[in-house]
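Engineer: One-letter residues, chain by chain:
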Amino acid sequence: MRARSGTPARKARTRRPAKPALVLIVPSETVFLSLVRDVTKRMAEEAGFDAATADSLALAVDEATTNVLEHAYRGATDRTVELRIEDRGESFRVDVIDDGASVNPRAVPRVDLRRYASERRKGGLGVHLMGKIMDSVTFRRTGGCNVCCLVRRKTPAPRG
Amino acid sequence: MGELTVETRESGDVTLVYPAGFINAHTVRTFEGEIQKALDRRCYKIVLNCAGLQYIASAGLGAIMGAIEEIRGNGGDIRISELNETVLNIFEILGFHHLYRIFPSEMEAILSFRGEGEGRA
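Residue numbers (the numbering used here), protein chains in the order written: chain A, 1 to 160; chain B, 1 to 121.
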């Protein structure tokens, strides 16, 4: 008898993430940032990262969520932010999703720390941190939503 | 539940600031407020004792960067002591350890100001 779509046998042959994603939906209030951080850190540790790396990954997700609150929602507290946190076997991935204003983080000027203070800049450090911590940070607009996708490989990629 | 408390006290002409808890976008105003109070008193020699600081996000780092120009412009500095591994790692990721002097103990940070001239205008 042949396995049909949806059966365990079929599923076993299908390439799937190692574990189902954890989906967390939080109100668009900064008070929930510590919850976002705690959940991300716990998931990163479950995925096999050491405590220090898990802390860094939690920081990157905190920064991505903060960006949503400040820029996509512009401080509105009656919205929600969705986080999809996945152990994908070889990598750890977090999608931060909002349905706020379209934002273009690539428009944020690169941070030159030695000039940052004298330029009296505000902001930009969060995107800079995310890029330093993650192997990949991508932004896309789809279905009226902003999706910030953060990926960290479990084995370090060779750095050029 | 409060996620950040910030206490300050004086040691000679050095202002000691003790953030305890998290500094992120939710709590950064509390932290900024304490730094600003020191600047309002024209206290420009500041030691940030981070023994109780569990975590700092870019909002907190931006608050330090936002004050440093005025502080150094008045002959002072922010010196940092007793970072835990998590916070030190964040400092290193951003390159803050190249911009700020970091000391293992509060006393070393205080003593680093001695003999550097007047930091309180």
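In short, the hints are calculated from the structure, not lab data.
Some hints could be false.
[To be verified] Ranges between beta-carbon positions, derived for each pair:
id, chain 1, residue 1, chain 2, residue 2, range
1, A, Gly144, B, Leu39, 41 to 47 Å
2, A, Glu70, B, Thr5, 42 to 48 Å
3, A, Asp112, B, Thr30, 27 to 33 Å
4, A, Glu45, B, Gly52, 20 to 26 Å
5, A, Thr80, B, Thr5, 40 to 46 Å
6, A, Arg74, B, Ser11, 39 to 45 Å
7, A, Thr80, B, Ala51, 35 to 41 Å
8, A, Glu70, B, Gly75, 47 to 53 Å
9, A, Arg140, B, Asp13, 18 to 24 Å
The beta-carbon is built from N, C-alpha and C at its ideal position, and this holds for glycine as well.
Engineer: Which numbered hints are broken by the structure, listed smallest first?
Structural biologist: Hints 2, 5, 8 and 9 are the ones this structure does not satisfy, whereas the remaining hints hold.
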